[in-house]
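2 protein chains.
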Amino acid sequence: MRFGIIGTGNAAHHFVWMLVGAGHRLCQVCGRADNGFASRFGAEYIPKVDQFDVTLDLVILAVNDDAIASVSSDLSKSLFAIHLSGMTPLNVLTQKNHGVVWPIQSLSSSKELNYKSLPLLIEANNEKHQTLLKSWFAPISNTVVTGNFEQRVAAHVSAVFVNNFVNHLYDLTADYMKDYKLSFNLMMPIVREEMEKISVMTAEEAQTGPARRGDIQTLKRQMDLLEKRPHLAEIYQVLTNSILRKFHGKEL
Amino acid sequence: MRFGIIGTGNAAHHFVWMLVGAGHRLCQVCGRADNGFASRFGAEYIPKVDQFDVTLDLVILAVNDDAIASVSSDLSKSLFAIHLSGMTPLNVLTQKNHGVVWPIQSLSSSKELNYKSLPLLIEANNEKHQTLLKSWFAPISNTVVTGNFEQRVAAHVSAVFVNNFVNHLYDLTADYMKDYKLSFNLMMPIVREEMEKISVMTAEEAQTGPARRGDIQTLKRQMDLLEKRPHLAEIYQVLTNSILRKFHGKEL
Chain A
17 MRFGIIGTGN AAHHFVWMLV GAGHRLCQVC GRADNGFASR FGAEYIPKVD QFDVTLDLVI
77 LAVNDDAIAS VSSDLSKSLF AIHLSGMTPL NVLTQKNHGV VWPIQSLSSS KELNYKSLPL
137 LIEANNEKHQ TLLKSWFAPI SNTVVTGNFE QRVAAHVSAV FVNNFVNHLY DLTADYMKDY
197 KLSFNLMMPI VREEMEKISV MTAEEAQTGP ARRGDIQTLK RQMDLLEKRP HLAEIYQVLT
257 NSILRKFHGK EL
Chain B
17 MRFGIIGTGN AAHHFVWMLV GAGHRLCQVC GRADNGFASR FGAEYIPKVD QFDVTLDLVI
77 LAVNDDAIAS VSSDLSKSLF AIHLSGMTPL NVLTQKNHGV VWPIQSLSSS KELNYKSLPL
137 LIEANNEKHQ TLLKSWFAPI SNTVVTGNFE QRVAAHVSAV FVNNFVNHLY DLTADYMKDY
197 KLSFNLMMPI VREEMEKISV MTAEEAQTGP ARRGDIQTLK RQMDLLEKRP HLAEIYQVLT
257 NSILRKFHGK EL
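Going down the list, the protein sequences come from chains A and B.
17 is the number of the first residue of the first sequence in the working numbering; add one for each residue after it.
17 is the number of the first residue of the second sequence in the working numbering; add one for each residue after it.
Because the hints were derived from the structure by calculation, they are not lab data.
Careful, some of the hints might be misleading.
Same chains, same names: a pair is fine if it fits in one copy or spans any two.
Once the Cα atoms are required to be at most 27 Å apart in a straight line, the calculated DSSO-like pairs of lysine-lysine come out as [unchecked claim]:
hint, residue 1, residue 2
1, Lys127, Lys236
2, Lys150, Lys112
3, Lys244, Lys93
4, Lys266, Lys244
Extracted from the complex, chain A is given alone in its bound form (with noise of 0.2 Å):
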């Protein structure tokens, strides 16, 4: 199929890709100024939006969350305009047929990702376009799956808890670790380990450590320790009583 694209930052940079890498034809590029990135790819650079020739089979918005509707507002109405955002419903586009195709993994970094990896939650206005965007995508990642809205934000959530709150806990971790002169290298295995254990059991199945236990004495001697710092004995408390909840119906 044909496609065009507005933006020519890095999820521009990675639908080309993956779309040019499944045998598609990049048309028409249009971005804020030509930085050779419609060159690249033998497509046309456009200035201007209302550019965009309407035969072709599908526009990519890779543009900020702000201005997906005021972009997609001065796009012609018969083009078929998707989305890429994970916070943003499906009607802020105003064309007649419109999608989203949201990737459940950061595509800012300028690493290369191996597409059949990626996850990619897909919603349309009709059938015959959420049919269209699978036939597209599902030859490139292994996980295209449908999502509404609200299942989108879900999962966007769910990256926050997974990602970016578990990235925390380790930065905390380090930070704790260098107090005493430790490196956090030595948590590596560890934190290794409970990856491969999550790929094979549940979560649940694989929780251990004193809370799962029920071990009030070792739980409360931690929190001693943790007295000086009750920037960590907060989250220790708050995760710990979650997980006792959990499996012992009580708290801390």
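With the hints as your guide, set chain B onto chain A.
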């Protein structure tokens, strides 16, 4: 060297395998009953702690934390005794020479471990016995580091953060996703990517997401979404504020 062990549980199992695998000889096993553990290694089963051969180079107390002190008090004072506990001081051992070898990874699973990547935190009551422990365990693990009780306890708390708490975040997320008919598998690529990232950069450098960006609008929208799940909202707020404080000096 020739060693004995008290206990025949998971920790005993792993320590015997790692030492026998390194060419050391298990001579005596003390346990509540003869379960065949001793004979598997051509060792003698003894029912009582005071029956240990006093010419052994090392006796390992692979018993519950609570039992270490009383078992040690029944053991000949002339033996070199070590315990394996992260939360127990060195000096509960009453032998003239004593030490601790604490593995920074759960030994409770029945699954095989690569001992080369098992970090061991060691301590002894004098330089000579610390050197002995190093000489026995350094050929087994690539990461043998010395650490006093304060450091050991800090490493124990750290393991709770990076293993138990991280696992619980996965568990909460899996539950939350279930409500939206989304599979937790959708998160696995992002979970794997996070682990790869912290293998090559610090968690501080790896931090991403709305709180890292200071994107208060998205944070508030996500908090609103969690309104009916006060349990998740509390964790969301505590961890978000912790990231906001660190990177932007403010809170939600």
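Hints and how they fare:
Taking the shortest alpha-carbon separations for Lys127 and Lys236, neither the intra-copy value of 43 Å nor the inter-copy value of 30 Å comes in at or below 27 Å. In this homomeric assembly, Lys150 and Lys112 come within 27 Å of each other (Cα to Cα) only inside a single copy, at 19 Å, whereas the closest approach across copies is 72 Å. In this homomeric assembly, Lys244 and Lys93 never come within 27 Å of each other (Cα to Cα): the closest approach is 61 Å inside a single copy and 38 Å across copies. In this assembly of identical chains, the alpha carbons of Lys266 and Lys244 lie at most 27 Å apart whether taken from the same copy (25 Å) or from different copies (21 Å).
Going down the numbered hints, you'll see the structure goes against 1 and 3, while the others check out.
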